[in-house]
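J.: The chain contents come next:
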Amino acid sequence: MTRAFTPAQRVRIVVIAGIVPAIIAIAGVATMLSWTDLPDPIAVHWGPTGSPDAYGSLPGIAAFFGLSVLVFAGIISVSVARLRASTRPSAQPRFLVGMSVWFAVLLTGVLLGSVAGQRGLEDAASGPSVLPVLGIAFATATVLGLVAGLLAPRPLALEPLGHEEPSLALAPEERAVFTRSIPPSRVAVVSFAVATLLVIGAAVLVAVLGRPLMFIIIGVVVIVLVLSFASLNWRLRIGRDGVLLRAAGGLPRFSVPIDEIAAASIVDVQAMAEFGGWGLRFGTGGRTGVILRSGEALEITRHTGRSLVVTVDDAVTAAGLINGLVQRSHA
Amino acid sequence: MLIRVDPASVIPLFEQLAAAVRSEVLRESVKSGERLPSARELAETLDINVHTVLRAYQLLRDEGLVDLRRGRGAVVTDRARDYAALAAVLPQLVAEAKRLDLSPTALAALIREAY
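Those sequence lines, one after another, are chains H and U.
When we follow the working numbering, the leftmost residue of the first sequence carries the number -12, and every step to the right adds one.
When we follow the working numbering, the leftmost residue of the second sequence carries the number 117, and every step to the right adds one.
Treat the hints with care, as some may be off.
As the list claims (entries may be wrong) - Just a few of them, taken from the derived set where beta-carbon distance is under 7 angstroms, the chain H residues facing chain U: (1) Glu160; (2) Arg162; (3) Gly226; (4) Asp301.
Said to hold, decoys possible - Here are some chain U residues pointing at chain H (derived, C-beta under 8 angstroms): (5) Met117; (6) Val121; (7) Asp122; (8) Pro123; (9) Ala124; (10) Ser154; (11) Thr161; (12) Asp163; (13) Ile164; (14) Leu184.
As the list claims (entries may be wrong) - Chain U is nowhere near these chain H residues, computed Cβ spacing over 12 angstroms in every case: (15) Gly43; (16) Gly61; (17) Ala103; (18) Leu157; (19) Ile225; (20) Leu295; (21) Gly311.
Hints are computed from structural coordinates only; laboratory data are not their basis.
Glycine included, every Cβ here is placed at the ideal spot set by N, Cα and C.
Between the sequences and the hints, there should be enough to build the whole structure, so can you do that?
T.: Have a look at this one:
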């Protein structure tokens, strides 16, 4: 197994995506805690007009924000640095490095700016609008995130091994069908579970802090969970009408008629490096992926150049049948 | 699971279908507890009569290879695991038959006689 980054590049990734965000968060929190001229409680939440509508204690809020940044930076730097090399690396790792810095600067900036505006106040309710702080923090975070992403090293691209396109010889009148269920790997299930917990945690927090939006947020959470769950189990069917790939719940589904298919091949897929995770994913170069594990996968290329990548077991048989059907339709 | 049937063959379709499922169980491309495609779906994709598929499934049920339950479809039974030993000898048998230039039909006839 080859890693996508050299040891020196891994150090650079950990510094940019892990250590820099951690320093930003810790420095920001330390600065705020050193201020003695703040009202108590401070304003921690603002209504749509930018005026405060919820209050809390500074150490609690600062600890929560600081920890969020540390956890996020830790997960990103470790997972990007450990990536395996693939033949088709995507821009996703560099995007994630940028995201880590973006998130740290945004969170620290918003907190620092909004708390700074309350210095010297008797009552936090009379504090200034938070909107300018939001704008400045967002702009700074975007610029610094972009710089971080550009500074991040490019992942190593492996030379592709021989392109394997098996083909099954079909008799003129022969009928054939291939069906296979595509269950998720354990890593995929665990990552979905962690993401679910994070989403629920964030929703509960926001619901507690901002009551008017609660129902919208809970609604969004439910939709996200249902969609994630729906794209964990898939079923592939290849027959005379083409390829039908559908999620366990029936939707989403992809249907590719035989006459739209150029060829099917066997590819080796690295879920994180090429598709940035598991489930229904979009990779570079017009690749749509149903990625439930890393390893051997079926790639169905259309005449348009776009392709569908499916991590199905026994991909050799699946590709063989597709190519057999395509070749027979030309005969 | 790959299923191939050829209407041009002299072997009845339901037997071809049952043989295809059996060999997929042998090479463990369907495992015990797994559900086979519904008779209607299979009939539609293979463009054959649904009764032909049902007949094949009934044959496999009589062999104890699948369980047929209303609403649950055809589910591969635990019996599938017992096929491991048979799956191991088959390639040997075929290789030997090929060495002797025996056709598949001739080999099948020999097996039938030995029963």
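J.: Indicate, hint by hint, whether the structure satisfies it.
T.: Hints, verified against the model:
Because the beta carbon of glutamate 160 of chain H sits about 4 angstroms from the nearest beta carbon in chain U, less than 7 angstroms, this interface hint is met. Hint status for arginine 162 of chain H relative to chain U: holds, with the closest Cβ pair at about 4 angstroms, below 7 angstroms. Interface restraint check for glycine 226 of chain H: the shortest CB-CB distance to chain U comes to about 4 angstroms, inside 7 angstroms, so the restraint holds. Interface restraint check: aspartate 301 of chain H against chain U, minimum CB-CB distance 6 angstroms, threshold 7 angstroms, status holds.
For the restraint placing methionine 117 of chain U at the interface with chain H, the shortest Cβ-Cβ distance is roughly 5 angstroms, inside the 8 angstroms limit, so the hint holds. With 8 angstroms as the threshold, the beta carbon of valine 121 of chain U comes within range of chain H, its nearest partner Cβ sitting at about 5 angstroms, so the hint holds. Satisfaction of the interface hint for aspartate 122 of chain U is found here, the shortest Cβ-Cβ separation to chain H being roughly 4 angstroms, below the 8 angstroms cut-off. For proline 123 of chain U, the interface hint holds, the least distance from its beta-carbon to any beta-carbon of chain H being 5 angstroms, beneath 8 angstroms.
Here the hint on alanine 124 of chain U is kept, as its CB sits about 4 angstroms from the closest CB of chain H, short of 8 angstroms. Given the 8 angstroms rule on beta carbons, the hint for serine 154 of chain U is violated: about 10 angstroms separates it from the nearest Cβ of chain H. Annotation: threonine 161 of chain U was flagged as interfacial toward chain H, and the flag holds, the nearest CB pair being 4 angstroms apart, inside 8 angstroms. Given hint, aspartate 163 of chain U at the interface with chain H, holds; its Cβ is 6 angstroms from that chain's nearest Cβ, closer than 8 angstroms.
Interface restraint check: isoleucine 164 of chain U against chain H, minimum CB-CB distance 7 angstroms, threshold 8 angstroms, status holds. Interface restraint check for leucine 184 of chain U: the shortest CB-CB distance to chain H comes to about 18 angstroms, outside 8 angstroms, so the restraint is violated. No beta-carbon of chain U is positioned within 12 angstroms of the beta-carbon of glycine 43 of chain H; the least distance is around 52 angstroms. With a minimum CB-CB distance of about 39 angstroms to chain U, glycine 61 of chain H clears the 12 angstroms threshold, and the non-interface call stands.
Every CB of chain U lies more than 12 angstroms from the CB of alanine 103 of chain H, the least distance being 62 angstroms, so the non-interface label holds. Non-interface call for leucine 157 of chain H relative to chain U: violated, since the shortest CB-CB distance, roughly 8 angstroms, does not exceed 12 angstroms. Separation of isoleucine 225 of chain H from chain U is inadequate, the least Cβ-Cβ distance of about 9 angstroms not exceeding the 12 angstroms criterion. Leucine 295 of chain H, annotated as away from the interface, keeps every beta carbon of chain U farther than 12 angstroms; the closest lies near 19 angstroms.
With 12 angstroms as the threshold on Cβ separation, the claim that glycine 311 of chain H sits away from chain U is violated: the shortest Cβ distance comes to roughly 10 angstroms.
Comparing the model with each earlier hint shows violations of hints 10, 14, 18, 19 and 21; every other hint is respected.
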